[in-house]
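Student: With the sequences and hints as input, model every part of the structure.
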Amino acid sequence: MATKSYMQEFTKGIIKENPVLCLVLGTCPTLAVTTSASNAIGMGVAATAVLMCSNAVISMLRKVIPDKVRIPAYITIIAGFVTIVQMIVKAFAPTINDSLGIFLPLIVVNCIILGRAEMYASKNPVFPSILDGLGMGVGFTAALLCMGIIRELLGSGTVFGVQLIPVQILIFILPPGGFFVFGMLIAIANKLNSKAGKKVVDSPCQGCPMSKTCKSFACEKENCENSDKEVAPDVS
Amino acid sequence: MLVKSLVSVFLAAILTENYVLCKFLGICPFLGVSKKLNTAVGMSVAVTFVMVLATAVTFPIYQYLLVPNDLAYLQTIVFILIIAGLVQLVEIVLKKYIPSLYQSLGVYLPLITTNCAILGVTMLVLQKVDTTTAYTYTYGHALVNSLGAGVGFLVAMVMFAGVRSRIETADIPKSLKGLPITLVAASLVALSFLGFSGFVDKLIPLQ
Amino acid sequence: MKKMNFKEIFIPTISLFIICLFITAALAVTNAVTSTKIAENEALSQQQSMKIVCPDAKSFELVKETEDGEIYKGLDENSQTVGYAISSVASGYGGQIKVMTGINDGKIIGIDVYYNDDETPGLGKNTSNESFTSQFKGLVSDDSIVVSKDYAGEGQQVDAVTSSTISSKAVIDAVNKACDIYHQEVGGEQ
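Residue numbers (the numbering used here), protein chains in the order written: chain F, 24 to 259; chain L, 1070 to 1276; chain U, 407 to 596.
Don't read these hints as lab results, they were simulated from the structure. Treat the hints with care, since some could be wrong.
Said to hold, decoys possible - No farther apart than 27 Å at their CA atoms in a straight line, the calculated lysine-lysine pairs in the BS3-like style are these:
1) L:Lys-1243 / F:Lys-214
2) L:Lys-1246 / F:Lys-35
3) U:Lys-457 / U:Lys-543
4) F:Lys-113 / L:Lys-1197
5) U:Lys-443 / L:Lys-1165
6) U:Lys-470 / U:Lys-443
7) F:Lys-214 / L:Lys-1246
8) U:Lys-457 / U:Lys-413
9) U:Lys-413 / F:Lys-146
10) L:Lys-1164 / F:Lys-91
11) U:Lys-457 / U:Lys-479
12) L:Lys-1164 / U:Lys-413
13) L:Lys-1246 / F:Lys-39
14) L:Lys-1246 / F:Lys-218
15) L:Lys-1243 / F:Lys-218
16) F:Lys-146 / F:Lys-35
17) U:Lys-443 / F:Lys-113
18) F:Lys-86 / F:Lys-146
19) F:Lys-113 / U:Lys-543
20) F:Lys-91 / U:Lys-413
21) L:Lys-1164 / L:Lys-1105
22) F:Lys-39 / F:Lys-91
23) L:Lys-1243 / F:Lys-39
24) U:Lys-543 / U:Lys-470
25) L:Lys-1197 / U:Lys-443
26) U:Lys-470 / L:Lys-1197
27) U:Lys-464 / U:Lys-479
28) F:Lys-86 / U:Lys-413
29) F:Lys-214 / F:Lys-39
30) U:Lys-543 / U:Lys-479
31) F:Lys-91 / L:Lys-1165
32) U:Lys-464 / U:Lys-513
33) U:Lys-513 / U:Lys-543
Tutor: See below:
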């Protein structure tokens, strides 16, 4: 029983609750760093490391951190781990640091990490939290890798730098191609989900950790009682 | 020369280096709050305001406090805490002294703390500060850049809100409905911004 | 309005403060461990680049740091000057482009684009490809280089990378700067 549920903690992030394709979190790095498959892996691994460490520490401190300052406390802890990962990458894999550029420190505002801290790690014991972080991280990496392979193959004709097809459709590695490929992947995920009779995402807000804050005001302001779609979101 | 370079920085931040469409920063609000024109404008103005304010505060702190003391590695953590603090402060001040403005902008403020466009702007302007070259950014450049980034965000949001209002009435294949078609529309808007590449350098040559 | 009591303010503040303190301490430790390695890496990438543009040299000696870049003298085993390596910077499409230029006897012996990660992959990033950089070999350093599209004449021209005129021009710009530095610092001595 126990092993089975641990297994579930790990696998749910990969397929059922994939943070990118099902919850639509972390869209900024998903679009920005997927110009090549190797960049996608670098970003995915860095984010996974941060996610596991921050989940572990937040879960450890979940009874100590006062509720009032919990978000600033989470952000501080996450920022600390992001900086540590950044320094390690700079020291041991400088080429990855150069190609990820600003998106490495920006892991700090990646909503997957704050989202998991708020929704999972703050309520669960340490070990499942680490597994949850690992699963979500692997799911994030897998989605990024998928985007990266498609964009690199179509855009430069290569995968991991190995020439596979002779044509290059440049637009795929430019920003418009990023939006397009991401849109198509979500369409496929939606199609599969609706076949399985599951809920389909139609806004980036559903999985957003700040959505509660938004919902209250957005509904007052926009009179959108019935529409979950127009919930102002944010966090990325 | 200074005015020229400031204008060029401003235009570049709006058109060729648009934070949303070219640099992929701040995608969540771009996709989430662009459905109605008034919310799109409100969000963008709040973002612009916080961007300029955050740059105004973080730039000197980094240059004159962190770098001289060899603490540049604390950049991420210091910046995110400053931004979080600033947003709270602005919210309190607005609520107390300018309630009318709070009504229209204040509601977006709590969402902005973790918007990656804000942290991105404060960090990217510092990357352009390089005293060994003639292309260095001064404090003025940094402020103009963050203002341009905000205006660029506004332009992208307003354009996209227009595009989305058309999608509302269109007949879309079932599996593309919702987010996928929004992303395809974003792709087309980003495509139009590609046309600006090289535009600013041609318009205002700096050499 | 009810006044907030001491405990309500004090406990969250102190716990947040303690968290900040711990995280900062952890960062300081990591920084102490990694900072030398990071500095080494940065020096190494420039060093490798100098080797590429000035392959005959065994060691390099800093001649001067100028506003536009740094000039190094390349020395062989017998401490004879075999060329100069000059680093210079220009602004490309997405950010800075850093170029190392090797010059000997008033002729460019090679260039290396050692930082262009802010350029678009597949476009501006191709400026570091051999097919683009090799065009600079053999050009003379006392006349400025141009993109062939802009100039129909003979000699000092290179073809820009397809659809990346801005990045290509930035590289050319940096090389021209390097040539200027060479002439200021070395001039006719060699």
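Student: Of all the hints given earlier, name the ones this structure violates by number, lowest first.
Tutor: Hints 5, 8, 19 and 22 not satisfied by this model.
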